[in-house]
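Q: Below are the chains, spelled out letter by letter.
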Amino acid sequence: MIKVLKTGFYSTIQDQGRLGYLNYGVPCSGAMDAYSSQFANALLGNPKDAAVIEMTMTGADLLFLEATTIAVTGANMRPKLNGKPIVMFKSIIVNVNDMLTFGKLTNGFRTYLAVKGGVLTEMVLGSRSMLKGITDNFRIQKGDYLEMSNASNVIIPKNAKLKFDNLYLNEDTLDVMKGPEFDQLAKYQKNMLFSSTFQVSKYNNRMAYQLEPLVHNDLESVLTSPVLPGTVQLTPSGQLIVLMRDCQTTGGYPRVLQLTEKSVNMLSQKTTGNNLTLRRREF
Amino acid sequence: MSFQLRYSQYNERSILIEWPADINENILQDVLVFKEVIENKYPKQSVEVISSYSSILIVYVITIDNVNDRILDLKKLYSIQRDVKKTNSKTFRIPVCYDEEFAMDLDDFSKVKNLSKDAVVRLHSETIYTVYFIGFLPGFLYLGGLNSSLHLDRKTIPNLKVKKGAVGIGGQQTGIYPQDSPGGWHIIGNSPIELFNPKQHPPCFIKAGDQVKFHPISKSEYQNIKSEVNNQNFDFKTLELHD
Chain A
1 MIKVLKTGFY
11 STIQDQGRLG
21 YLNYGVPCSG
31 AMDAYSSQFA
41 NALLGNPKDA
51 AVIEMTMTGA
61 DLLFLEATTI
71 AVTGANMRPK
81 LNGKPIVMFK
91 SIIVNVNDML
101 TFGKLTNGFR
111 TYLAVKGGVL
121 TEMVLGSRSM
131 LKGITDNFRI
141 QKGDYLEMSN
151 ASNVIIPKNA
161 KLKFDNLYLN
171 EDTLDVMKGP
181 EFDQLAKYQK
191 NMLFSSTFQV
201 SKYNNRMAYQ
211 LEPLVHNDLE
221 SVLTSPVLPG
231 TVQLTPSGQL
241 IVLMRDCQTT
251 GGYPRVLQLT
261 EKSVNMLSQK
271 TTGNNLTLRR
281 REF
Chain B
1 MSFQLRYSQY
11 NERSILIEWP
21 ADINENILQD
31 VLVFKEVIEN
41 KYPKQSVEVI
51 SSYSSILIVY
61 VITIDNVNDR
71 ILDLKKLYSI
81 QRDVKKTNSK
91 TFRIPVCYDE
101 EFAMDLDDFS
111 KVKNLSKDAV
121 VRLHSETIYT
131 VYFIGFLPGF
141 LYLGGLNSSL
151 HLDRKTIPNL
161 KVKKGAVGIG
171 GQQTGIYPQD
181 SPGGWHIIGN
191 SPIELFNPKQ
201 HPPCFIKAGD
211 QVKFHPISKS
221 EYQNIKSEVN
231 NQNFDFKTLE
241 LHD
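Taken in sequence, the protein lines are chains A and B.
Going by our numbering, the first residue of the first sequence is number 1, and it counts up by one from there.
Going by our numbering, the first residue of the second sequence is number 1, and it counts up by one from there.
Bound conformation, chain A alone:
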């Protein structure tokens, strides 16, 4: 088990999300940066949907009550084991009573901690991803004991090497495809989308990221229609809203763009004030 001594700014348990309940209005959820969480699992030989801890902006203080192997990926929060810096993107052996802490965020915004076999918190509707209204807790609390899979004696294969593509943590161009209502935009509005530099507004969380500045438009609202993480909505007031993992399943704003799956991961590593440009991509 892991004892949570400090939670960090916003830490949750995430796997690859809920499948099969979109039609009940249940969000997908899952790790915001799916690539980093899958990579952490791969380093430990875990299945890619094993549950990991997602830490946002600041890390947690975690006391390991049993020995295991861990891997830290995603944003660099200067992880330390018993006060000594540890490398990221590698499997690390942890002993009983070892303490994992994090320091200052130096790049990216979300860090992933995988443990051998995965974290075994409550499974609801086929997923351990925490979400208000679905799981009992919607984020990790101080004093929580997080159960782990008892797989510490499994040998980690050492003969294969994995390379983490960490370039995307610093990249600021999002690849987008046109959304269902894109063609209703005037030409100059389309051009503006691809020639402007946008900033992540302070309204950014697991549900959605809003971008600035406004894109003035006269699009008509649409009949409430399906949306997915990565869908970019444009509101009548000109707000661009990029839906993220905990988004609703349907929405009534015009869907002008759709981020590629890789770009959803990239955007997850951005925070308030970060600059972004959009690049048109065909399927």
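It is worth saying that the hints were derived from the structure and are not from the lab.
All values reported here derive from a predicted model rather than from experimental measurement.
Be aware that a few hints might be false.
[Unchecked claim] Computed cross-link-like contacts, DMTMM-like style, restricted to lysine to aspartate or glutamate with a CA-CA straight-line distance of at most 25 Å: (1) 75/B <-> 108/B; (2) 164/B <-> 136/A; (3) 161/B <-> 136/A; (4) 163/B <-> 73/B; (5) 75/B <-> 183/A; (6) 199/B <-> 261/A; (7) 199/B <-> 49/A; (8) 262/A <-> 65/B; (9) 75/B <-> 39/B; (10) 76/B <-> 36/B; (11) 199/B <-> 122/A; (12) 44/B <-> 261/A; (13) 48/A <-> 65/B; (14) 262/A <-> 153/B; (15) 163/A <-> 108/B.
[As the list claims (entries may be wrong)] Listing some non-contacts, in silico: residues in chain B with all C-beta distances to chain A over 10 Å: (16) 88; (17) 109; (18) 122; (19) 156.
[As the list claims (entries may be wrong)] DEER-style ranges, computed between Cβ atoms: (20) 80/A <-> 45/B: 39 to 45 Å; (21) 112/B <-> 203/A: 29 to 35 Å; (22) 200/B <-> 238/A: 37 to 43 Å; (23) 158/B <-> 1/A: 40 to 46 Å; (24) 203/A <-> 20/B: 32 to 38 Å; (25) 80/B <-> 162/A: 44 to 50 Å.
Note that CB positions come from ideal geometry on N, CA and C, so glycine has one too.
Model the placement of chain B on the given structure of chain A, informed by the hints.
A: Same frame as chain A, but now just chain B:
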């Protein structure tokens, strides 16, 4: 009835199918039948389908390799679906307490609409509504059929906390908030029924295509049902209406 559908790729692993953009039961029936045909054709683990008023989004677990092949498959499925009968639908009677304790906006609402409170309750509870789809929040039903004399634009300033079970009217729609949530609808009552329970299978006992009718209840009936729901011994099958 057969419609001219538009097929387009939505992202790397999803395809959007659009019907003419309109809210009507012919389109809804066609949407739901096609959805069912798709769900029966592919294993549950490989595809899921989100439906709404006049479109469905088919989300594949694996990245789409050749979208034209996929669309061709879907078009074939649509052309042979004529044999499929109307999806089986149920009608539920949802108890709602319109008492002022819950109906914080009923007073204002009835004044603006120039109706008595009783008339609002009667008009709201005599209609049989069709469930078009579930969205917005887990278990939030999009209902069609609100009497036009009850249409009223949403509040300009939304409530930060609308209570779970709240029954509201917003624009041409009416619905029940399945959990505490911010919301801009006019609240005219509350239902003690739990519309969504993540620990139940399925988590929502009502599905798209079903019908619901609101049934006015007193405060004491409300409390009785509420305690049964809280003690988990409320049987929602008793809400089902049979012709």
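Q: Does the Cβ distance between residue 158/B and residue 1/A fall inside 40 to 46 Å?
A: 42 Å, holds
Q: Can you confirm whether the C-alpha distance between residue 75/B and residue 183/A stays at or below 25 Å?
A: 24 Å, holds
Q: Within a Cα-Cα threshold of 25 Å, do residue 48/A and residue 65/B meet the stated pairing?
A: Roughly 21 Å separates the two Cα atoms, so the pair holds.
Q: Verify that the Cβ of residue 88/B lies farther than 10 Å from every Cβ atom of chain A, and report whether the claim holds or is violated.
A: The claim stands: residue 88/B keeps its Cβ more than 10 Å from every Cβ of chain A (closest is about 16 Å).
Q: Tell me if the straight-line CA distance from residue 262/A to residue 65/B falls inside 25 Å.
A: Roughly 17 Å between the alpha carbons, so the hint for residue 262/A and residue 65/B holds.
Q: If you check the beta carbons of residue 80/A and residue 45/B, does the distance land in 39 to 45 Å?
A: 40 Å, holds
Q: Within 37 to 43 Å: is that where the Cβ-Cβ distance between residue 200/B and residue 238/A falls?
A: For residue 200/B and residue 238/A the Cβ distance comes to about 41 Å; the hint holds.
Q: Please verify whether residue 44/B and residue 261/A have alpha carbons no more than 25 Å apart.
A: Holds, at about 22 Å.
Q: CA of residue 75/B to CA of residue 108/B, is that 25 Å or under?
A: Not OK: residue 75/B and residue 108/B at ~50 Å, beyond 25 Å, violated.
Q: Straight-line Cα separation of residue 199/B and residue 261/A no greater than 25 Å?
A: 30 Å, violated
Q: Over 10 Å to the closest beta carbon of chain A is the bar; see if residue 156/B clears it.
A: The claim stands: residue 156/B keeps its Cβ more than 10 Å from every Cβ of chain A (closest is about 13 Å).
Q: Residue 163/A and residue 108/B: Cα distance at most 25 Å?
A: 63 Å, violated
In summary, the structure is inconsistent with hints 1, 4, 6, 14, 15 from the numbered list given earlier, while agreeing with the others.
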